[in-house]
Structure formats: C-alpha cells, structure tokens
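Novice: These are the residues of each chain, in order.
Protein chains: 4
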Amino acid sequence: ESMNLENSLKIIEKAEKKAKEIGRPVCIAVVDAGGGLIAFHRMDNALPVSVELAINKAFTAVMLKMETSRLSQLARPDGELYGINTACGGRIVTFGGGIPVFFGKRLAGGIGVSGGTVGEDENIAKAGLSAITNSGR
Amino acid sequence: ESMNLENSLKIIEKAEKKAKEIGRPVCIAVVDAGGGLIAFHRMDNALPVSVELAINKAFTAVMLKMETSRLSQLARPDGELYGINTACGGRIVTFGGGIPVFFGKRLAGGIGVSGGTVGEDENIAKAGLSAITNSGR
Amino acid sequence: ESMNLENSLKIIEKAEKKAKEIGRPVCIAVVDAGGGLIAFHRMDNALPVSVELAINKAFTAVMLKMETSRLSQLARPDGELYGINTACGGRIVTFGGGIPVFFGKRLAGGIGVSGGTVGEDENIAKAGLSAITNSGR
Amino acid sequence: ESMNLENSLKIIEKAEKKAKEIGRPVCIAVVDAGGGLIAFHRMDNALPVSVELAINKAFTAVMLKMETSRLSQLARPDGELYGINTACGGRIVTFGGGIPVFFGKRLAGGIGVSGGTVGEDENIAKAGLSAITNSGR
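Chains A, B, C and D supply the protein sequences, listed in that same order.
Its first residue numbered 1, the first sequence is counted upward by one per residue in our numbering.
Its first residue numbered 1001, the second sequence is counted upward by one per residue in our numbering.
Its first residue numbered 2001, the third sequence is counted upward by one per residue in our numbering.
Its first residue numbered 3001, the fourth sequence is counted upward by one per residue in our numbering.
Chain A on its own, in the form it takes in the complex (with noise of 0.2 Å):
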C-alpha cells in the first residue's frame, strides 16, 4: 500500500478543516516516498509565498525521513546539518510544517502545511495525518 490521490485528499480535507477552525488560510501538499507532489490544496487567502513552502515542507520531510521542525536545531550555525537549506536546489525547509507520513516502518509520504505560526502549521499537518492513521487504514 502507498499514498495515492485518494488518501492524499483525505488528509488534506482534514487539515482544511483544522484550518478553518483556527481561522488561519494555509497551503497545504501532499507527496509521495519520492517526493513527487500528489496533491495541493490553497485555501483563499493565504500567503503568496506558501505556495512554495508548502510543497517544500513535504518534500523535505521525505527527504530526511522527519518533521521539518527538527531541522530548525540541525540547520543552525553550531547544529549537526548546518548549511542544508541549500541543498536540493534550495528545497529544503528549516522551520516546522513538514512530517513524514509512515506506513508501518516504511516512509510512504510527506505532508507540507503553510501559511500559519510555525506552531500552527505543525498543528494543521498533525490533524492532516490523523485523517489516515486514526482509520484503521
């Protein structure tokens, strides 16, 4: 079993509604193990530049198998991964929004939100992923 559209969509609708709860218009992407986007959602009014950083979020996630928000320890000056905001042609995100998205041990996806305070953004992903792991799935 893997991410597909459906289940993409699911954990966006989620995440909108978490979003329209707080009040807060937020991007939102979903990829798959690859990376490659399978869906994104913009909510009217969001900010200009979460296009982007939305996509990005989820793609970082994937790419180093965590929570974006980890990165923002890792990536700075006297942390472990400074300097990796550049790689990847620039994809990577260092501040929180971003989570993988496992299936059992196997990283299946990632889930990008913004638009919000970081800790919103988080929030908005966490509720995102609920949509699939709470279901039995």
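Do not take every clue at face value.
[As the list claims (entries may be wrong)] Mimicking BS3-like on lysine-lysine, the simulated pairs with C-alpha atoms at most 27 Å apart in a straight line are:
(1) D/Lys3010 / D/Lys3065
(2) C/Lys2065 / A/Lys126
(3) C/Lys2014 / C/Lys2065
(4) D/Lys3020 / C/Lys2014
[To be verified] Rough simulated footprint, nothing fancy, chain A against chain C, three-plus residues with beta-carbon under 8 Å:
(5) 2053-2066
(6) 2075-2081
It is worth saying that the hints were derived from the structure and are not from the lab.
Just so we're clear, the structure is a prediction, and the values are computed from it rather than from any experiment.
Beta carbons: idealized from backbone N, C-alpha and C, even for Gly.
Following the hints, put chains B, C and D in place on chain A, whose structure we already have.
Specialist: Here is chains B, C and D on its own, set in the frame of chain A:
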C-alpha cells in the same frame, strides 16, 4: 471575481471525470492570474514527469495568455518565438495541454494537464474549463 | 481596484523626492499582488546591488505580506523562519526596505527600496506609500 | 556621457507613446552598458511573460552588442550561435525587440520591449531610441 479554491476544484473534478472516461491517468493543475498554484491533483499511475509539466503548462498559459499548443509552432527554429522555452527559468512549455482562463476579457488563471497524448491533455483541460464557463458562473 | 502603472509611478515619484531630500541615490521597485514588477527606477549613482535588492524586497513584502524588516528577527538562527532566505530561488530579502501595499484588507502589491541604510530605505519606501494612501484613493 | 535615469525615462516615454498609438500594452526596459536595469515600466494589461522578456531583451542587446532580432537566425540549429539562448543563466532572448544603444561608437546601454508581435516590439523599441538620438543629444 477571480479564481479561487472552489472554482479550481470544480475544474479539476470535471477534468478528472473526462480523464477517467478516456482511461488516461493525468496530472491537473490550476493557477491564478499571477501564475501561482491554487490546486493540483495527480491521478494514480500518472507519468512522473507530468507533475512538473501540468503545473508549468498552466503557468505558461497565463504568462503568454494563450493555449500552449500555439507555442509548438511559434517556438520552432523558424517560428517567431524560437528560444522562448528557456524563459522564466525554463518553465515555459511549448506543447499543448495548457489553456488560459478568462473571465470576460480579463485573464483569471490557467489550467494545465499532462499525462496523455497532447490531444488528450488538451481535451481534458477543455473539459475542466467547461465546469466554470458553462454554468452561468 | 489594483496596482497599476499610474499608481506605481506616483509611489516612485514621492519616494524619489524623499531620497533626494536625504541625499541618497536609491533604486525603487513596485510590484503587483503576484510579485510581478510594474515599475522600477534606479537613481544615478545608486549601488549596483540595489537593482536586485529593491526588486526582491518588493517581491518579499508581497510573498510574506509583511515588511521585510520583520524578517531580520524571524530569519535569525534562533528565529521562527530561520532559513527562509533561500526560498523562492533565493529572492527573499531579510532586512528592511520592502513594504506591502494593502487596499483595505486586500494585498495589492509591494514597494522595495535599496541604496541607503536600512532605516533610510524604509523611510523612503514609506514616503512612497504615502503617495497613494494619503490621497483619498 | 552615459545612460542615466533621465535618458532612460525619455526613451520609455517615447516608446510608451508609440505603443499607445499601436494600441498594444507592452513592457519597456532600459539597461546600462553593464546590462544593469535603469528603468522599467509595465503598461496595464501587458502579457505577464513580458516583464522578464523586456528586461532580458535589453540585457541581451548589451551582452551581444546587437539587435536581438539578429539572433533569431544565429541561434537556429544551423546558425553560428546555436545554443546561445542558455547562456547567461538563460537570460539571452533570441527574437526581436531588444536593441543596443550607442553613443558614437561606444556601447551605452540597451532597450528591450515585449508584449506585441516581434515586429511591433521592434518598432516600439526604435521609437524609444529616437528620443535620445534625434534630439541632438
């Protein structure tokens, strides 16, 4: 009035329906009047290259306010716009599947489809467009 | 209503007047709500780097819907958006001189100024903005 | 003597007047002898792609000290400069609308116009040039 998430998802829904009729999995992208992505869906088993091509066809249709199919003539070595394909960081696509969306005379956005033959992509894009132009919008 | 050439030249004219008062030759750029350039003037003897910086400050103010001066805190190693400077192909500028333009609550465009100190650039940009906000537009 | 903001705005004013006569909204760019932008105006409703093309046509005219229309032959598969369009980070434009500005025999800058047919763009650029060459500068 302008392109928004609601409009864009109607376009994608109709385009997807057409793609299923033809039996061709495609990527479908909708962008706003500035070329910024609003919504994107990749149908399962679509060509990997189509992620980028669908987005860039929609972008190209906006940038040049024309169907991308017209560029296949204009961008030839003896055409008026030979070399245009390297503009905009290489994002200009010079074959069919991208169409602009006008609200009256005003450019409102673009639709891009990739995954089938060029003719199929164009038909699917036009089916998508009909979702908002035939409905008395 | 949106940003157009007429609006943009009023902004530039007022900004240039301010820059002359200060005795500082600068570059001034005005972009639309998608970040696309509408007008740009380089005063004689402005810093060569300011051509790019003025355009990218205006672009950044639109992309993030905020004054670029706010990014100098947010983009620090301990800031919430550390690493943002490499987004958008490296076009994000993380110091002052870029300001967004709103018509009511709607983002309409951005103004970018470069050539003086950061404080001078900001003052010149704000003088430019006053050309359209103080006129009962 | 060299290109400055005053010269450049005269060129743009004259070019804009010509563009209005033809009824074609265009982008007009003027660069200095190093290819650096001095002034740029986008007339309302110009093609989105023309922002970049006008700037790069002016740049190309300076880089190669020739009208960009000459490149449409030189850059063809059987031409002497086949492949030139990817030089300078992809900024070289291989169709008409960019012209160099000479003061006597010395290269002083370039003018780039985009938004109409190639023939229209060239005529508008030449009208712009006439603002400084016919005036007994």
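Novice: Are three or more residues of the region 2053-2066 of chain C within 8 Å, CB to CB, of chain A?
Specialist: holds (count 4)
Novice: Verify the coverage statement for the region 2075-2081 of chain C against chain A, using a C-beta to C-beta distance below 8 Å and requiring 3 or more qualifying residues.
Specialist: holds (count 4)
Novice: Under the criterion that the straight-line Cα-Cα distance not exceed 27 Å, is the pair D/Lys3020, C/Lys2014 satisfied?
Specialist: holds, 26 Å
Novice: Compare the distance between the alpha carbons of D/Lys3010 and D/Lys3065 with 27 Å, and conclude whether the hinted pair is satisfied.
Specialist: This hinted pair holds, its Cα atoms lying about 21 Å apart.
Novice: Given the hint that C/Lys2014 pairs with C/Lys2065, does the C-alpha gap stay at or below 27 Å?
Specialist: Since the Cα atoms of C/Lys2014 and C/Lys2065 sit roughly 22 Å apart, the hinted pair holds (cutoff 27 Å).
Novice: Between C/Lys2065 and A/Lys126, is the straight-line Cα distance small enough, at 27 Å or below?
Specialist: holds, 25 Å
Violated hints: none; the structure is consistent with every hint.
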